[in-house]
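All chains, please: the whole structure from these sequences, using the hints.
For reference, the chains in residue letters:
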Amino acid sequence: MKLLSLFVAVVAFAVTVNVIAQETVNPGGLATIRGASNIDETRPAEKLKRVIKDKNPIARNYVHQPPVVPHQTRGYRVDLNSNKCLSCHSWKHAAQTGATKISLTHFETRDGKTLSDVSPRRYFCSQCHVTQADAAPLVENTFEPVESLGNE
Amino acid sequence: MLKNLWTFLTSPSSAAMWFILAIGFAGGIIFWGGFNTALEVTNTEEFCIGCHEMQDNVYEEYRETIHYANRSGVRATCPDCHVPKKWTDKIVRKIAASKEVWGMLTGVIDTREEFVDHRRSMAEREWKRMKENDSLECRNCHNFEYMDFSEQGNRSVKMHSDALASGEKTCIDCHKGIAHELPDMKGVENW
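The listed protein sequences derive, respectively, from chains A and B.
Here the first sequence is numbered in numbering that gives the first Met the number 0, starting from 0 and rising by one per residue.
Here the second sequence is numbered in numbering that gives the first Met the number 0, starting from 0 and rising by one per residue.
Just to be clear, a hint being listed does not mean it is correct.
Derived list of chain A stretches under chain B, where covered just means 3 residues or more per stretch with a C-beta under 8 Å from a C-beta of chain B [what the hints assert, rightly or not]:
{"no.": "1", "stretch": "34 to 43"}
{"no.": "2", "stretch": "61 to 74"}
{"no.": "3", "stretch": "92 to 98"}
Pairs of lysine-lysine residues, derived as DSS-like cross-links and limited to a Cα-Cα distance of at most 27 Å, are as follows [to be verified]:
{"no.": "4", "chain 1": "A", "residue 1": "K100", "chain 2": "B", "residue 2": "K185"}
{"no.": "5", "chain 1": "B", "residue 1": "K185", "chain 2": "B", "residue 2": "K130"}
{"no.": "6", "chain 1": "B", "residue 1": "K185", "chain 2": "A", "residue 2": "K91"}
Rather than coming from a laboratory, the hints here were simulated on the basis of the structure.
All residues carry an ideal CB built from backbone N, CA and C; glycine is no exception.
As structure tokens, then:
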């Protein structure tokens, strides 16, 4: 008798677990700005955006915004051995190449000391300066650029 | 035995003159054809990356660059940039390349670390070569006369119509490290 009740209890538990599991399994399919897809399938990747080939500097939208990059940077390496960005944008070469000079704030360490060359913490350009692509915003944005920075 | 052979080689032949000339002619074709075929074999990418030094280092780096894969499907392989097309220049380069064979045999570059150690001196040698021949291998495909500045970006137009057009600079002066990673560029002009 004792054995029988135990058996019934185990079966009842298993059935309940099964029912709960069935109710909580969600195949995904939520609509997000990346599109909808179920958990068990892989969405095809979005097409890569075309990077602006070469344009004039783009105005900043707010004070202290790192200016964005209005040209291609494919294959531009920034590493221990070389910094392709600085081969045009450094003070040494900017006059000859016609590129925008990097700001002198880039020579400062985090303690506010000014070094004689680019500070290591500002060496990796693409951490802040982003190459621009022709990509429409995915969500509505009502941000207004600052008028004082030459925006219309 | 040897003496007999010597006598045979030094005494006039009884064969007709046209026969001897024909043999010389045919032999010349075979020798010259064979020589050029062998030379062409050493001018293939497959031959270049036959050594692990090339396969594991420079070739792997080159595979990520625009000269390997690009929108129009044109590819420049190793000899397109590193071996001159003109025959005399090619022979000179091939003789100079015997140093690379020696390097392979003696195992100068057996590991990645050894390669990185030698990268600067090897890169400098190649920059110097291209500077001296006015970037000839670049110009085999990228002809200045055929450039359409209206199709180039602002930055390219400025540089090409100024420094390149006047002959003051040559391709390699600015376009370093386009097909392989760069060494430490400390002290290199324009870096």
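Here is how each hint holds up against the structure:
1. Figure legend: the stretch 34 to 43 of chain A, annotated as covered by chain B; annotation inconsistent (0 residues with Cβ-Cβ distances under 8 Å, at least 3 required).
2. Note: the stretch 61 to 74 of chain A has 4 residues with beta-carbon separation from chain B under 8 Å; the three-residue rule is met and the coverage holds.
3. Counting residues of the stretch 92 to 98 of chain A whose CB falls under 8 Å from any CB of chain B gives 4; the rule of at least 3 is met.
4. For the suggested pair A:K100 and B:K185, the alpha carbons sit about 20 Å apart, so the restraint of at most 27 Å is met.
5. Our distance criterion of 27 Å between C-alpha atoms is met by B:K185 and B:K130, whose separation comes to about 19 Å.
6. Simply put, B:K185 and A:K91 have alpha-carbon atoms about 14 Å apart, close enough for the 27 Å limit, and the pair holds.
Taken one by one, the earlier hints fail for this structure only at number 1.
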